[in-house]
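Number of protein chains: 2
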Amino acid sequence: MGEEVKLYGATASHFSNRVNIALKLKGVEYKYYEEDLKNKSASLIKYNPIHKKVPTLVHNEKPVAESLVILEYIDETWKTHPILPQHPYERAQARFWSRFIEDKIVTTIIKVVKVKEDQKNALEEVSEYLEILEKELKDKYFGGESIGMVHLAGNIIALWIPILEELMGVEILTEAKFPKLCKWSHDFATHPVVKEVSPSKEELVAIFKPRWSPIN
Amino acid sequence: MGEEVKLYGATASHFSNRVNIALKLKGVEYKYYEEDLKNKSASLIKYNPIHKKVPTLVHNEKPVAESLVILEYIDETWKTHPILPQHPYERAQARFWSRFIEDKIVTTIIKVVKVKEDQKNALEEVSEYLEILEKELKDKYFGGESIGMVHLAGNIIALWIPILEELMGVEILTEAKFPKLCKWSHDFATHPVVKEVSPSKEELVAIFKPRWSPIN
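Chains A and B are the protein sequences, given in the same order.
Under the UniProt record's numbering, think of the first position of the first sequence as 1, with each following residue one higher.
Under the UniProt record's numbering, think of the first position of the second sequence as 1, with each following residue one higher.
Just chain A, same shape as in the assembly (with noise of 0.2 Å):
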């Protein structure tokens, strides 16, 4: 039976990084189409009306949208490397984490990269939600070859932050304040898979360097 997977991204999305690595870890064949966030594709806006957004899977011309979606949607359909935990307590948990890395820690990344007036006291605030997550992060999510659903909510942590921290002239994952964290996402962040399928950190300075302005 032919299968067509389809994936919409951009390399500067951290969103979109989540599915690429979670689709080569699960080992998927699919074809990958790199967006214009200036200009967006007819396709994309087809397959996902609602946000136009990326990360969009289309799989036999199905669409599905919104990175952790399309995350529970690829465990569920491809079942090698499971992205969940199998007991329903311990997928609530990674659920719990993910979420919580969604609403505190990316919204308070964007504040510090958009909001200008503010951005000390955002930091601050990535700081707090990130000491939470060192306090919480048990040893099951660390390192290993199993990189789950947690880690993949967390991917701007390993690979997003070190360029922030170069561009905006700011130390935020320091090693002394967050040991286990640094840990996680170093293992995170040479796991082969990511390495193959992550943007380097040239390609995001190079794409952020406009955008990004060092902090005052």
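Check before you lean on any hint, since a few could be wrong.
Where chains are identical, the list cannot tell them apart; a pair therefore holds if satisfied intra-copy or between any two copies.
Straight-line Cα separation of at most 16 Å, EDC-like style, residue types lysine to aspartate or glutamate; simulated pairs [claimed, not checked]: (1) 62 x 90; (2) 31 x 166; (3) 46 x 136; (4) 177 x 134.
What the hints contain is simulated information worked out from the structure, not anything from laboratory work.
Please build the complex by placing chain B on the supplied structure of chain A, with the hints as guidance.
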């Protein structure tokens, strides 16, 4: 095997109401604890130290927080009356629309209530998102016995919007503009289980009257 299920909730919270309905639909026996949100119990804070919010479900002393995460947990733990559809693609659609309601409709309704300066714009935003829902909700989500994830995510539309309309003296969910959503809301609100566990209109009006004032 003794099972202990506890739910910490608040009558005024549509987030709590979602979980109450889901547990009743599944026929799960549980003990409900009404929280005073101005003076939260030590138990709530112990079980949900991150957000300290209702609803918090505790199953055999293991806590689960965040209403949509709790609904997924309930659906995976108790198999009667499935809340999510069976097929991965249908599941993704239900999750997508639940998130749409959560991120767009719930958020803008809260804006209408809280942001005094710009209530009229916020009200228009609510209406725009409801229009998207009106267009997109297919027959499978309407009426009948099968109350699912999207209904539960959307309980604010059926049960809370009418209170908002009455107390703020506005019209939101009109029959003329939203015929499908009106029927959907009516079927949901009059379902025996929903009626049994949801606060009455009078109860909600009494709770919100001191907080919500007519829109200018």
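Hints and how they fare:
For a Cα distance limit of 16 Å, the shortest separation of residue 62 from residue 90 across copies, 11 Å, qualifies, whereas the shortest one inside one copy, 29 Å, does not. Neither within a single protomer nor between protomers do residue 31 and residue 166 lie at most 16 Å apart by alpha-carbon distance, with minima of 32 Å and 51 Å respectively. Taking the shortest alpha-carbon separations for residue 46 and residue 136, only the inter-copy value of 14 Å comes in at or below 16 Å, while the best intra-copy value is 40 Å. For a Cα distance limit of 16 Å, the shortest separation of residue 177 from residue 134 inside one copy, 9 Å, qualifies, whereas the shortest one across copies, 48 Å, does not.
Hint 2 from the earlier list is the only one contradicted by this structure; the remaining hints agree with it.
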